Amino acid sequence: AFCTAYEYHLLHRTHDDQQQSIRKGSYDRYLLTFSAISNTKSLISNTECDHLCAVNIITLGFVTIELIGRSYVLPIFFGMINIKRPLNGLPNEYFTAKKFFFIRGSSFAVATYTLCSAVVLAYNLCAHKSQLEKSVKNYLKYCLNRYISFARRLIGPIILILLLPLIGDGPIWPYFDQLYTKPCRNSLLSTFLFLNNYSQSLDDVCLQPSVIISALFYLSLTAPIILHFYNHKIYGTIVLAVLILIGSVVSLIPKVLFNLPVMPYEIISSTSVAQSKLAFIHYYGATDQLIVVFVVGLFVGFLIRCKPKINFGKRASQFALWIGMLSIIGVSTSWNERFKPLEGNFSQFSFISWFVLSKIMWSFGFGFILFACSTGRAKPITEMMNLSFIRPLGRLSMGVFLNHITVLSLRQLTKKEVTPLNHFEILTDDIADLVIAFIISYVFYIMFERPIYHWTKIALKLDVTLSSEKRFSSCDLENCKTIDKEGIDMKPLNEKSRL
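Heads up, the sequence shown is in our numbering, so the first residue is 1 and it goes up one at a time.
Calculated directly from the structure, the hints in this document are not laboratory data.
A few of these clues could be false.
Stated by the list, open to error - With a Cα cut of at most 30 Å, we get these calculated DSS-like pairs of lysine-lysine:
hint, residue 1, residue 2
1, Lys-41, Lys-141
2, Lys-457, Lys-137
3, Lys-255, Lys-314
4, Lys-233, Lys-309
5, Lys-233, Lys-141
6, Lys-340, Lys-233
7, Lys-309, Lys-415
8, Lys-415, Lys-277
9, Lys-277, Lys-182
10, Lys-415, Lys-182
11, Lys-307, Lys-457
12, Lys-233, Lys-307
13, Lys-307, Lys-137
14, Lys-41, Lys-379
15, Lys-379, Lys-277
16, Lys-307, Lys-141
17, Lys-233, Lys-137
18, Lys-277, Lys-255
19, Lys-340, Lys-141
As the structure is a prediction and not an experimental result, all values here were calculated from the model.
All chains, please: the whole structure from these sequences, using the hints.
What follows is the structure, encoded as structure tokens:
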């Protein structure tokens with residue numbers, strides 16, 4: 001509050017031509033990192049994400065679908081806590097009715113966010129080839145930056161969970177402490193060491209959506225090595241194919257070797273509650289399940305930065321490519337509809353084929369859309385996604401993803417009367433939960449995320465005002481900046497290669 005008031009005083013005291021010099025002052029520069037005015041300007045700034053605008057919009061869309069899916073699934077577990085609350089048949093309808101087609105595919109939201117995060121990571125890392133040079137010091141610096149970049153997102157949501165028991169009330173409210181607060185008290189260290197996705201159950205995890213953060217953190221540590229091989233003129237594509245093959249095989253090991261049912265599709269074949277809990281957390285956020293999506297995302301980001309002028313042939317060839325890529329997205333989602341969790345009588349060969357191929361199809365389909373929108377090949381779509389009022393929401397989408405489950409649980413567990421669930425109530429509750437989650441995420445952004453971002457750059461002696469070509473980026477969705485508008489370095493990292 002003091003820093004915000006101080007900046008407000010400076011802005012009204014000085015002329016516009018002096019405001020830039022204020023920010024360069026030794027003390028002002030540090031104080032303004034905590035100002036809500038400066039951090040809000042960074043959030044709504046039009047200078048960021050000009051080149052990768054599609055990333056934020058696509059992420060926002062699928063995170064929203066994931067949140068709506070939670071609204072139908074989470075009350076099932078709360079209904080088990082208080083069996084007197086009628087569920088009105090909606091959970092069964094959620095698994096079977098065609099009108100919930102997109103919500104049932106909300107599990108793809110995790111893959112989409114992983115893909116987008118990898119695209120931005122590769123785009124920023126490839127901004128300057130020195131970031132991919134073999135250097136232990138440079139790599140350790142990168143690892144520290146990645147850790148801080150992810151850890152700063154967890155601070156606000158965890159504080160919210162620890163404070164909510166002082167606010168809520170109701171006949172089943174004590175379960176909030178059991179489900180959310182107690183795991184945070186017991187496993188806070190493992191949360192900030194990004195070990196949540198190695199837990200045996202989501203019941204033991206502090207801030208359950210953080211299992212995705214854990215997987216992304218450890219995958220991102222391999223990014224400089226993978227991009228170094230992608231940069232090779234001859235073997236780059238071969239390395240991509242090998243990594244996809246390895247990732248596909250590794251993702252099948254839990255099912256084929258250890259007979260761990262894939263949740264929620266094989267919930268009927270589960271032999272115990274403990275096995276079901278382990279399967280849910282493993283297939284939802286385990287590192288081995290996201291390898292394929294991550295390496296494809298790195299490849300797409302590498303192409304956007306280093307090879308944006310790839311020739312896809314004449315107009316007919318490009319049209320056919322668009323149709324093909326959009327088709328494989330549709331096939332991967334419609335194929336998903338063949339496997340009904342409450343029935344379970346589907347072919348294992350078909351199921352395993354879908355389990356392996358759907359990730360590849362989904363990644364290449366949306367990867368192509370991101371590539372096209374980021375290289376000027378789809379200007380109508382790019383202009384639609386580059387709406388100024390949507391971009392800040394996209395930048396807050398990960399914060400909303402982390403905070404929404406807490407907001408939803410607060411509403412569900414503080415109910416004092418038995419109320420049936422119907423579609424209208426769920427829709428209105430969804431809107432209210434989303435608005436609250438966005439407000440909370442915005443507050444955490446200006447209080448924790450953005451100040452820590454600035455101080456990371458100061459501590460590592462990285463000027464946050466530099467272009468992405470000259471700075472060592474924290475490489476997350478918030479920081480997908482382009483080089484200054486005077487020109488973008490589109491040369492391949494390997495200087496001997498030519499497009």
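Hint check:
no.: 1; hint: Lys-41 to Lys-141; result: 28 Å, holds
no.: 2; hint: Lys-457 to Lys-137; result: 16 Å, holds
no.: 3; hint: Lys-255 to Lys-314; result: 44 Å, violated
no.: 4; hint: Lys-233 to Lys-309; result: 16 Å, holds
no.: 5; hint: Lys-233 to Lys-141; result: 27 Å, holds
no.: 6; hint: Lys-340 to Lys-233; result: 45 Å, violated
no.: 7; hint: Lys-309 to Lys-415; result: 56 Å, violated
no.: 8; hint: Lys-415 to Lys-277; result: 26 Å, holds
no.: 9; hint: Lys-277 to Lys-182; result: 18 Å, holds
no.: 10; hint: Lys-415 to Lys-182; result: 21 Å, holds
no.: 11; hint: Lys-307 to Lys-457; result: 29 Å, holds
no.: 12; hint: Lys-233 to Lys-307; result: 11 Å, holds
no.: 13; hint: Lys-307 to Lys-137; result: 28 Å, holds
no.: 14; hint: Lys-41 to Lys-379; result: 26 Å, holds
no.: 15; hint: Lys-379 to Lys-277; result: 45 Å, violated
no.: 16; hint: Lys-307 to Lys-141; result: 27 Å, holds
no.: 17; hint: Lys-233 to Lys-137; result: 26 Å, holds
no.: 18; hint: Lys-277 to Lys-255; result: 15 Å, holds
no.: 19; hint: Lys-340 to Lys-141; result: 47 Å, violated
Going through the hint list in order, the structure does not satisfy hints 3, 6, 7, 15, 19.
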